[in-house]
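With chain L's structure known, arrange chain A on it following the hints.
Protein chains: 2
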Amino acid sequence: MGRKIRVAQFGIGVIGRGVTKVLAQKGNMKIVGAIDLANVGQDLGDVAKLGKKLGVAISDDIEGVIRKTKPQVVIHTTSSSLKKVHMELESLIRAKVNVVSSCEELSYPYRKYPKIASRLDRLAKENQVTVVGTGVNPGFLMDAWPLFMTGVCTEVKEIRVSRIQDASHRRIPFQEKIGAGKTLKEFNELVAKGTLRHVGLSESIAMIASGLGWSLDDITETIEPILAHKEIRSDYITVKPGQAAGVKQVGYGWEKGKALITLNFEAAVGAQESYDVVNIAGTPNLEVIIKGGTHGDIATVAMLVNSIPKSIEAQPGLKTMKDLIISALPGK
Amino acid sequence: MGRKIRVAQFGIGVIGRGVTKVLAQKGNMKIVGAIDLANVGQDLGDVAKLGKKLGVAISDDIEGVIRKTKPQVVIHTTSSSLKKVHMELESLIRAKVNVVSSCEELSYPYRKYPKIASRLDRLAKENQVTVVGTGVNPGFLMDAWPLFMTGVCTEVKEIRVSRIQDASHRRIPFQEKIGAGKTLKEFNELVAKGTLRHVGLSESIAMIASGLGWSLDDITETIEPILAHKEIRSDYITVKPGQAAGVKQVGYGWEKGKALITLNFEAAVGAQESYDVVNIAGTPNLEVIIKGGTHGDIATVAMLVNSIPKSIEAQPGLKTMKDLIISALPGK
Numbered sequence: 289m290g291r292k293i294r295v296a297q298f299g300i301g302v303i304g305r306g307v308t309k310v311l312a313q314k315g316n317m318k319i320v321g322a323i324d325l326a327n328v329g330q331d332l333g334d335v336a337k338l339g340k341k342l343g344v345a346i347s348d349d350i351e352g353v354i355r356k357t358k359p360q361v362v363i364h365t366t367s368s369s370l371k372k373v374h375m376e377l378e379s380l381i382r383a384k385v386n387v388v389s390s391c392e393e394l395s396y397p398y399r400k401y402p403k404i405a406s407r408l409d410r411l412a413k414e415n416q417v418t419v420v421g422t423g424v425n426p427g428f429l430m431d432a433w434p435l436f437m438t439g440v441c442t443e444v445k446e447i448r449v450s451r452i453q454d455a456s457h458r459r460i461p462f463q464e465k466i467g468a469g470k471t472l473k474e475f476n477e478l479v480a481k482g483t484l485r486h487v488g489l490s491e492s493i494a495m496i497a498s499g500l501g502w503s504l505d506d507i508t509e510t511i512e513p514i515l516a517h518k519e520i521r522s523d524y525i526t527v528k529p530g531q532a533a534g535v536k537q538v539g540y541g542w543e544k545g546k547a548l549i550t551l552n553f554e555a556a557v558g559a560q561e562s563y564d565v566v567n568i569a570g571t572p573n574l575e576v577i578i579k580g581g582t583h584g585d586i587a588t589v590a591m592l593v594n595s596i597p598k599s600i601e602a603q604p605g606l607k608t609m610k611d612l613i614i615s616a617l618p619g620k
Numbered sequence: 289m290g291r292k293i294r295v296a297q298f299g300i301g302v303i304g305r306g307v308t309k310v311l312a313q314k315g316n317m318k319i320v321g322a323i324d325l326a327n328v329g330q331d332l333g334d335v336a337k338l339g340k341k342l343g344v345a346i347s348d349d350i351e352g353v354i355r356k357t358k359p360q361v362v363i364h365t366t367s368s369s370l371k372k373v374h375m376e377l378e379s380l381i382r383a384k385v386n387v388v389s390s391c392e393e394l395s396y397p398y399r400k401y402p403k404i405a406s407r408l409d410r411l412a413k414e415n416q417v418t419v420v421g422t423g424v425n426p427g428f429l430m431d432a433w434p435l436f437m438t439g440v441c442t443e444v445k446e447i448r449v450s451r452i453q454d455a456s457h458r459r460i461p462f463q464e465k466i467g468a469g470k471t472l473k474e475f476n477e478l479v480a481k482g483t484l485r486h487v488g489l490s491e492s493i494a495m496i497a498s499g500l501g502w503s504l505d506d507i508t509e510t511i512e513p514i515l516a517h518k519e520i521r522s523d524y525i526t527v528k529p530g531q532a533a534g535v536k537q538v539g540y541g542w543e544k545g546k547a548l549i550t551l552n553f554e555a556a557v558g559a560q561e562s563y564d565v566v567n568i569a570g571t572p573n574l575e576v577i578i579k580g581g582t583h584g585d586i587a588t589v590a591m592l593v594n595s596i597p598k599s600i601e602a603q604p605g606l607k608t609m610k611d612l613i614i615s616a617l618p619g620k
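Protein chains in written order, with our numbering: chain L, 289 to 620; chain A, 289 to 620.
In isolation and in its complexed conformation, chain L is listed as follows (with noise of 0.2 Å):
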């Protein structure tokens, strides 16, 4: 196996926490550092609730921490929004240390953030660092999983991909950001807000069209709810006929008025049955499930450590998950 790779992680939330008991267990693994602004001075293994201390004591000095500790790689999990995280993002990088980040819009940031995406880039460069968003929404299942299944056509023409969930069982933080249980009202207003909202439709759509080279006239999303027609109950509310199950979220890339890329996110309480269904309209057809559909947070936390050698790997600079698999090329 080699040395040990040295990572330290950056935001000890739900995913922060999930990723420290993966990296705790992974034996080519080596947890030397922790950053946050919560729980300062208290031990790691304790806060990400281990059972057992790691002896890496939580600090809210991002250059401290890399400089006393020296990570290869730091998990970086703070926030799904590129304009609150890319001052973080550039301390680490200027501080010479690859970045793996769930951050949603890193994932593809070309579109919306083409100045930051470029200065990421360079500073990433003259560091000889990597920086790279993933996950498994955006970063898997509508982006890289169907860029990476492309790679046995010979042309592409269309992609649609479907993530349906039956969001029943799922934690409760899930089943309100999908706004189960809520009037139309109620709905409305949370999307207005902006808070009612899967982060990464526009993200992967950008990602498959650079990944094939397909330059779209536009990105478009659509969102609305999923209405209960009886009484839905989940193991931790129950909705009212009339009320929001969930959301529907579709994301199209166009091209010339025609809808080259479809993604569809659903996720609702009482739905049918979960999978996740890529369809390639090519040379030749292809259509690919997953049954059961692919549990989010684990799987994210998955993405987020299995990326690790890759990041060391990979020639420094901004790279998307696009840059490190093999897919279609471009043309007929």
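There could be a bad hint or two in this list.
The list treats identical chains as one, so a pair stands whether inside a single copy or across any two.
[What the hints assert, rightly or not] Simulated pairs of lysine-lysine, BS3-like, Cα-Cα distance not exceeding 25 Å: (1) Lys384 / Lys318; (2) Lys473 / Lys536; (3) Lys292 / Lys445; (4) Lys318 / Lys445; (5) Lys465 / Lys546; (6) Lys371 / Lys481; (7) Lys292 / Lys372; (8) Lys445 / Lys413; (9) Lys445 / Lys309; (10) Lys309 / Lys340; (11) Lys341 / Lys356; (12) Lys546 / Lys536; (13) Lys371 / Lys400; (14) Lys341 / Lys292; (15) Lys371 / Lys413; (16) Lys473 / Lys518; (17) Lys579 / Lys358; (18) Lys413 / Lys473.
Everything labelled a hint here was simulated from the structure, so no lab data went into it. Quick caveat, the model's predicted, so the values are computed rather than measured.
What follows is chain A alone, placed relative to chain L:
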């Protein structure tokens, strides 16, 4: 798109012609050279039946073609046997050109041919190029694809892959290759001669094990006929009851008496519906299905062509498909 990638084709058989057709349609690729022992002096476009000339004459002089046409990548499609082709590969590497090969035994050569593998790796590093073996199987379905799917797992305990192919509508050489219409005696003779055998199960098992950091005690393979219980008519042949309709080959990767990896390959005329399936036992469990299966010839051509960019970008050396993707890390 940037500048076109200069590619030469080495081996102008069924797969080599397929590669030529696809490359000729890709705007970012330029076919600059062609190598084969047959049809020397003829135009590659004529031999590949493109309906147009490519201005590329087939030559049997490996070094001459590389020196004169300066390709960045050679697509090598001459034989399944690494013993037969490793001198061809060495010539290409010494000429400082990246190589993407369909040679099944090159897909993961470290187990059967450790000396050839380390020699190719050393030579490739000395000459600052990459060499990689790929295709649909080995190269994708039973190694890269299951490994890629483990990317969403925090732990992997066991992997099973099945490829079930209804060969009724495949080309005659494929039906003959799988023993369709042979008597049991003929079938067993062909197996003994080594001509009736899918090459790659052991390579795929070794690649998965290496990718997941598993040290297997042993790798074994079984091969047996799938017998027709009633008369079966394919597009080309008729199989009588008691004759072989096709072949079932199973590869096992063993650790402490347990098969951690099981690869099941079945191809027969009149078989049940075609499909490919990956089953991962781990955290989480995963079942992924390609409905209708993957078209073997098209997918092999696609994997060869689609691997070109990574073969240029990757660090020099002998690569296997596991090096070019993200998959689960070793350890619990």
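Indices of hints not satisfied (ascending): 5, 7, 8, 17, 18
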